[in-house]
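Engineer: Residue numbers (the UniProt record's numbering), protein chains in the order written: chain X, 1 to 548; chain F, 1 to 315.
Hints were generated in silico from the structure; no laboratory data involved.
Since we're looking at a predicted model, the values are computed, not measured.
Ideal placement from N, C-alpha and C gives every residue a C-beta, glycine not left out.
There's no promise every hint is true.
[To be verified] Pairs of lysine-lysine, DSS-like flavour, derived with a Cα cap of 27 Å: (1) X/Lys313 - X/Lys365; (2) X/Lys165 - X/Lys125; (3) X/Lys418 - X/Lys387; (4) X/Lys313 - X/Lys363; (5) X/Lys176 - F/Lys44; (6) X/Lys422 - X/Lys313; (7) X/Lys165 - X/Lys176; (8) X/Lys172 - F/Lys44; (9) X/Lys497 - F/Lys44.
[As the list claims (entries may be wrong)] Computed, partial: chain F to chain X, Cβ under 10 Å: (10) Pro34; (11) Ile90; (12) Ile167.
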Amino acid sequence: MKLNKRFIILLGLMLIFSMALVACRGEEGTAPKDDTTGEAKEEAQGEAADEPQYGGDLIYGQIGNPQVLNPMYSQDAASGNIEDLIFAGLMRTNEELEMVPHLGEPVEVSEDGLEHVYRFYKGVKWHDGEEVTADDVVFTFSIPLHEDYDGPRKSYFENLESVEKIDDYTVKFILKRPDAAWPVNAGWPLLPEHILGDVSVAELGEHTFNRDPIGAGPFKFDEWVEGQYVRLVAHEDYFEGRPYLDSITVKITGDTNAQVLQLQTGDIDMGVFPSEEFATVETFDHVKISQVLRYAYNFFGFNFRNEFFQDHKVRQAFAYAIDRQAIIDVTLEGYGEVAHGPVSPLSWAWTDDLTVYEYDPGKAKTLLAEAGWEPGPDGILVKDGQKFEIEILYNEESNARRTTAVIIQDQLAEIGIKATPKSLEWGAFVDTINPPRHEFDTIILSWNLGTDPNPYHIFHSGQIDEGLNYGSYVNEELDQLMEAVNLEMDEAKRTEKLHEIFKILSEDLPYVFLNYPMENVAYPINLHGFIHHPSVPFYKADDWWLEQ
Amino acid sequence: MTSYILRRLVMTIPILIGISILSFAIMYLAPGDPASMLIDPNIKPEDLERMSERLGLNDPPHVQYMKWVGHILQGDLGTSFIQRRPVNDIIMERLPNTLVLMIASSLFAIVLAIPFGVLSATRQYSVLDYSVTTFSFIGVATPNFWLGLMLLMIFSVQLGWFPSGGIHTINVPFSIWDRIHHLILPMIVLGSYDMASLMRYTRSSMLDVIRQDYIRTARAKGFRERTVIYKHGLRNAMIPVITIFGLMLPTFIGGSVVVETLFSWPGIGQLFINSVVQRDYPVIMALTMFSAVLVVIGNLLADIFYAIVDPRIEY
Numbered sequence: 001m002k003l004n005k006r007f008i009i010l011l012g013l014m015l016i017f018s019m020a021l022v023a024c025r026g027e028e029g030t031a032p033k034d035d036t037t038g039e040a041k042e043e044a045q046g047e048a049a050d051e052p053q054y055g056g057d058l059i060y061g062q063i064g065n066p067q068v069l070n071p072m073y074s075q076d077a078a079s080g081n082i083e084d085l086i087f088a089g090l091m092r093t094n095e096e097l098e099m100v101p102h103l104g105e106p107v108e109v110s111e112d113g114l115e116h117v118y119r120f121y122k123g124v125k126w127h128d129g130e131e132v133t134a135d136d137v138v139f140t141f142s143i144p145l146h147e148d149y150d151g152p153r154k155s156y157f158e159n160l161e162s163v164e165k166i167d168d169y170t171v172k173f174i175l176k177r178p179d180a181a182w183p184v185n186a187g188w189p190l191l192p193e194h195i196l197g198d199v200s201v202a203e204l205g206e207h208t209f210n211r212d213p214i215g216a217g218p219f220k221f222d223e224w225v226e227g228q229y230v231r232l233v234a235h236e237d238y239f240e241g242r243p244y245l246d247s248i249t250v251k252i253t254g255d256t257n258a259q260v261l262q263l264q265t266g267d268i269d270m271g272v273f274p275s276e277e278f279a280t281v282e283t284f285d286h287v288k289i290s291q292v293l294r295y296a297y298n299f300f301g302f303n304f305r306n307e308f309f310q311d312h313k314v315r316q317a318f319a320y321a322i323d324r325q326a327i328i329d330v331t332l333e334g335y336g337e338v339a340h341g342p343v344s345p346l347s348w349a350w351t352d353d354l355t356v357y358e359y360d361p362g363k364a365k366t367l368l369a370e371a372g373w374e375p376g377p378d379g380i381l382v383k384d385g386q387k388f389e390i391e392i393l394y395n396e397e398s399n400a401r402r403t404t405a406v407i408i409q410d411q412l413a414e415i416g417i418k419a420t421p422k423s424l425e426w427g428a429f430v431d432t433i434n435p436p437r438h439e440f441d442t443i444i445l446s447w448n449l450g451t452d453p454n455p456y457h458i459f460h461s462g463q464i465d466e467g468l469n470y471g472s473y474v475n476e477e478l479d480q481l482m483e484a485v486n487l488e489m490d491e492a493k494r495t496e497k498l499h500e501i502f503k504i505l506s507e508d509l510p511y512v513f514l515n516y517p518m519e520n521v522a523y524p525i526n527l528h529g530f531i532h533h534p535s536v537p538f539y540k541a542d543d544w545w546l547e548q
Numbered sequence: 001m002t003s004y005i006l007r008r009l010v011m012t013i014p015i016l017i018g019i020s021i022l023s024f025a026i027m028y029l030a031p032g033d034p035a036s037m038l039i040d041p042n043i044k045p046e047d048l049e050r051m052s053e054r055l056g057l058n059d060p061p062h063v064q065y066m067k068w069v070g071h072i073l074q075g076d077l078g079t080s081f082i083q084r085r086p087v088n089d090i091i092m093e094r095l096p097n098t099l100v101l102m103i104a105s106s107l108f109a110i111v112l113a114i115p116f117g118v119l120s121a122t123r124q125y126s127v128l129d130y131s132v133t134t135f136s137f138i139g140v141a142t143p144n145f146w147l148g149l150m151l152l153m154i155f156s157v158q159l160g161w162f163p164s165g166g167i168h169t170i171n172v173p174f175s176i177w178d179r180i181h182h183l184i185l186p187m188i189v190l191g192s193y194d195m196a197s198l199m200r201y202t203r204s205s206m207l208d209v210i211r212q213d214y215i216r217t218a219r220a221k222g223f224r225e226r227t228v229i230y231k232h233g234l235r236n237a238m239i240p241v242i243t244i245f246g247l248m249l250p251t252f253i254g255g256s257v258v259v260e261t262l263f264s265w266p267g268i269g270q271l272f273i274n275s276v277v278q279r280d281y282p283v284i285m286a287l288t289m290f291s292a293v294l295v296v297i298g299n300l301l302a303d304i305f306y307a308i309v310d311p312r313i314e315y
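Next up, chain F with everything else stripped away, as it sits in the complex (with noise of 0.2 Å):
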């Protein structure tokens, strides 16, 4: 298992180089740079050439990636082009939030949608099977944008229940509650498609699962139901879903840039439509490569999971 995990960490790192190399290259052929983002009459051509020359922009492509990866194996994300101070700081200010949100989110699909699975997969086309499955076709076909839109308009316009955006009350001392009235909105919208789809995972793994001869064993030994399908039949159930949730970690980033500048929530989503808007590269090429990270750590323990679930896998 160790060797395995390790095998599996020294795979990661071309991965990464491959990642970070086709982001840059990206980036570098993009229109546009910092610093003709401007158009200042007062801000003449020998400005910006300064300002080129300041951010290292008028070195040859590769002499810039080599520079920036020499500072991130020292742990140096470099300076932000726009603010002018480090980009660890920047991220280490936005990231709890982010982190906040995502948490939250996986919480409130893991919670909803696992009981539901089993309950729909246990009473198939019963009313309850029904609701579930339209409910949750519905929650996969919404489109995050619309769904907070609509959750606004309805919880905080109309019926005034929850505040339109941001993380806390301004001008009012700390309060735990108050956080959480914040987050109660966003975290459905972030969750909701991922709610939909892992509901959808369980039931029909469960699906599987109870109609397998170990099941009908279980029973015939005389076990109470409950224990037929949570012990030995959810266990089971829960290898596939393990999975699917863990590649589903990086997409809460991408659905956080969706949520965040609908809900104003200060966090790395928001970041990044900043950084790329104002092609912050520092800013941008770390948060690309926070999000590959994540993809190769959601991979990994998604497999861990998979052997601890499943004792028939041996790596």
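Okay, chain X solo, but in the shape it has when bound (with noise of 0.2 Å):
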């Protein structure tokens, strides 16, 4: 009887137990499917007729916590995020990811390439309605170039020699070296010089203003509650008109559960989320998903103090014996295309002449013959006594390079190499990577890219001692390439040499190029003006309105 009585409640409870289960998993599979996935822009121009309304408020959910709203100090993306809506610049990015002038327009550039006057607009005002002028422009770039900075952007401007007011709207930048590249560094967001002005350098990156920042962009700061949220408001005077939304509050999720959570119960109203949440985002029926590529692409870098990663002939049977497309299916739902080269398709300097290797592992196969590799009793590759084993290495925080690493040891697996997937902690693995260390046979990782399309940081051979190249890869060909194509100042000839240089990498090899994935964003069907940019989260947001 006793036991019986217990036999009862543990079912009573077992059945409460599943009863909850189910009844998460049935919602998904019922949910209405809602086709919305398209160009945000589009849909703001089909819908054109109404007119956009002031008002509103908008809850963006971010996962990383912001470190200090001071761009000269601030070095992660969840800073950089808000900055943007703080703060405005001489230059901005366009939708094409070119610099196009912002606050003022670059009149002049003298022939030897060195001198770059800027002329900018009057009436631009700061959130506390001070006027913008040269004095701040000045008072910006000066303080990377003061002895007492000690913030992580010196070596940003490093080729600026001085700046100049030549009169209240009108600056000169003189460099030290021509540079192609310098409208992306003439975009840096201004500081008021007539607030900081009398704080001396040295104390710039501990003060208050970090924390709540003036500046001249489309948001005004309102609040910052640690952990919480930043919340922003309009700023009437904004020199293209006021904001339509009143606020935006940027609230800090903290992990992608979190964030997909809570964009499904409204507690944020936007937000970016990863291809392996598509299909139950796509089930919400109050938010539309925009996609586009990011700016960045992902790869498989081989280490060539690594002996067996100098023969070419390895590198391509790698490069024929992953499949790219079933990556891209596994780990991003199908969301993004295959890459031959270290240059994006949002790129102006993007190129298709780039040598393409197929999906082939009967190619690689022979390649690896050729290369003198011959299986041995147990099937993997033999050549010269030592068998074909190496390590794929990646960083434990993602999933999608989990599965990459899997997928990629199954593809090499069928070619006779044993691949051993090997995963570290973020700050562990940067530091086995880094020189001086170097010390993997291969991994997977990503690059955001920069708007300037040189991939000089990479692949330069003075970049292996102290820079990005971790593999060690030397090419002397390419490291002239590189080096001459920021001294070009003619466009066409800079895009030449640039595809020249995208060519060689991708028949040469120094990584397999995987893929370039796509953004998700999730934002309210209500939502008009919203342009997803591929690498500026809050683009022109002074124009995103919320229909009531």
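Dock chain one against chain two, each of which comes alone in its own frame, and use the hints as you go.
Structural biologist: If you want it as structure tokens, here you go:
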């Protein structure tokens, strides 16, 4: 009798639990499908009959916690995104990822390319009502040139000799060497001289301004509650007109799961989510989804310190053996494009004149045989008594990279190579692949591309001992080309050189370039004017408006 | 009693020094440092070098440690490498959030655990006892993060009864009900394990006590059953339970790391995770020492309560 009772209670509890589980699962299958994938821009144009409306508050979910809101001292994307709303600079990127004038025009570049004169608009107001003048520009660009400056941006401006005020609305930058990529730096967000001018540069990094900033951007800083959110309100006097939204609150969600959950429950209105959650987010009927290629690529990199990989045929065999489409289908749910070189299709420097290695394990085997690798008794290739056994290193925080490593492991096994995936925590991972250690056979990693398409920092032999050339790749012809590109001021010749560089890299394979991933943004169905920019989350947020 | 407490406090000093040396050493030996966490082609090795210099990372470890001790003796926990402002400020902004969560969870645990533990002991082998026992087994065996995800799925996503994260609704004026609304799910998740185990301790301790001779004596004197159980029984049964509870205090910190991440709760658990990922040494050290102090206080409080509840104990 006693036993019976206990059994019944247990059974009851189990039932309750399993019912809860069923309930969770039911929803996913039955929820209506909502076909809203596509360009957000078209959407806004399609409903152009509706006049933009003022008002409304938007809550944007972000995983990272911002560090400091001062572009001279922050170094994380979480801070950078918010800074884009608060601050404005002379230049900014457009949808084609070109630098275009924002607050002012580059009116004159001298013959030798060393002097750049910028004129900017009158009547641009800081959030406190003061006018933006040449003094602010001179002040901002003098900070990284100052010997007491201790932020992370000094090298960005190492090519800047000085900056001079010509009149209240005109400044002149004097460079040390011609630099075709200068407009990128000229667009650096401006800081207010009338507030920070008296602060010594040594104290700037720890100044309270960095948590209570004043800029000239479309949104004004309102409140920062540590670990919770940063709230920004419309800047009434923004020089391009008051933003439509009353406020944007950037809420810190902490991790992907929380981000997607809060999107589902409406605790956040908008946010980026990973492709593996696409099927889930698609079922939410209060948001639309926008997808664009991210300005980035994923790659599988070789370490040339391992002599196996010094043989071009071996690297080619890897490129033939790895089914890149399969990796996209599994890790990105199909939302990505196969990559063949270190340039993004989004870039103005894009070319399709790249060497393409299609998936072909047969060819891979032939190439390995030509390179002298013979199958051993256990099926693993052997050359000079050495087995072809390697490690694939990745950082453990990334699910996508873990899956990629396992797929590559399988595909390499088919051609007789034994690959073992190995993961490290990010800090340890960086420490292991960085100089002076370079301790890996192969890595899986991604590069976010900069506005300047020259891959100098990644593949130049000068970047091995202290730089990002982790695989110690050396190619003298390429070195010279990459050095020449940024000295070349002629746009057409520069593009030609860049194309040559990309072609060589796609042929020579210091990496097997894997894919260009898509970025997914969910945003409210009544949000208009949103343009999904591949690298600026709050692109032209002053034009966003909510249908009330 | 006072001298006992003083003695105990003095004894904690070498313990804390030991803990600080150990955590400092582990941190120093762990791969990666805040300067090298960035992979940015525009940030040159010279920049990283300058950063290391500014943060004092180029000093030998014993010098770094002594500097840290020097500051901490003056009540200065240092400056965060990442946020570039005093660690004291950062922790003080977040500590109240964690304390609210901890206090709510412990109240939740105690308020449910003790009455049900007692009831289940006094009605041993009843349906109630079996339910409580089964429930507490499940509670002890359920991992925090799983329970949290389940509650979120059911009560937040499916039923929409509770918000899925954060500490209050944004763009809405302060209201105490809103705060409580946000607190309930994380409180249950953080408190459930301790509630379940406290329930079991209360039950078994109570079972021990009610079989004692003095309970029979009390009954024989003709006291009402309620008086016997709650006045004579419970007080004695609570002695081991209090000890256990004191030892549980620090587990709230550990648990809060998981719960705060799950519920986007901006407390020190979330801060700890962020700081470890970013190798923000001053914050990591401050939080490690904070937990260590909490363990010591937890033990001390347990001992003091012990004496209050059990007059036989003398120090």
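Engineer: Hint by hint, work out which the structure violates, then give me just those numbers in ascending order.
Structural biologist: none
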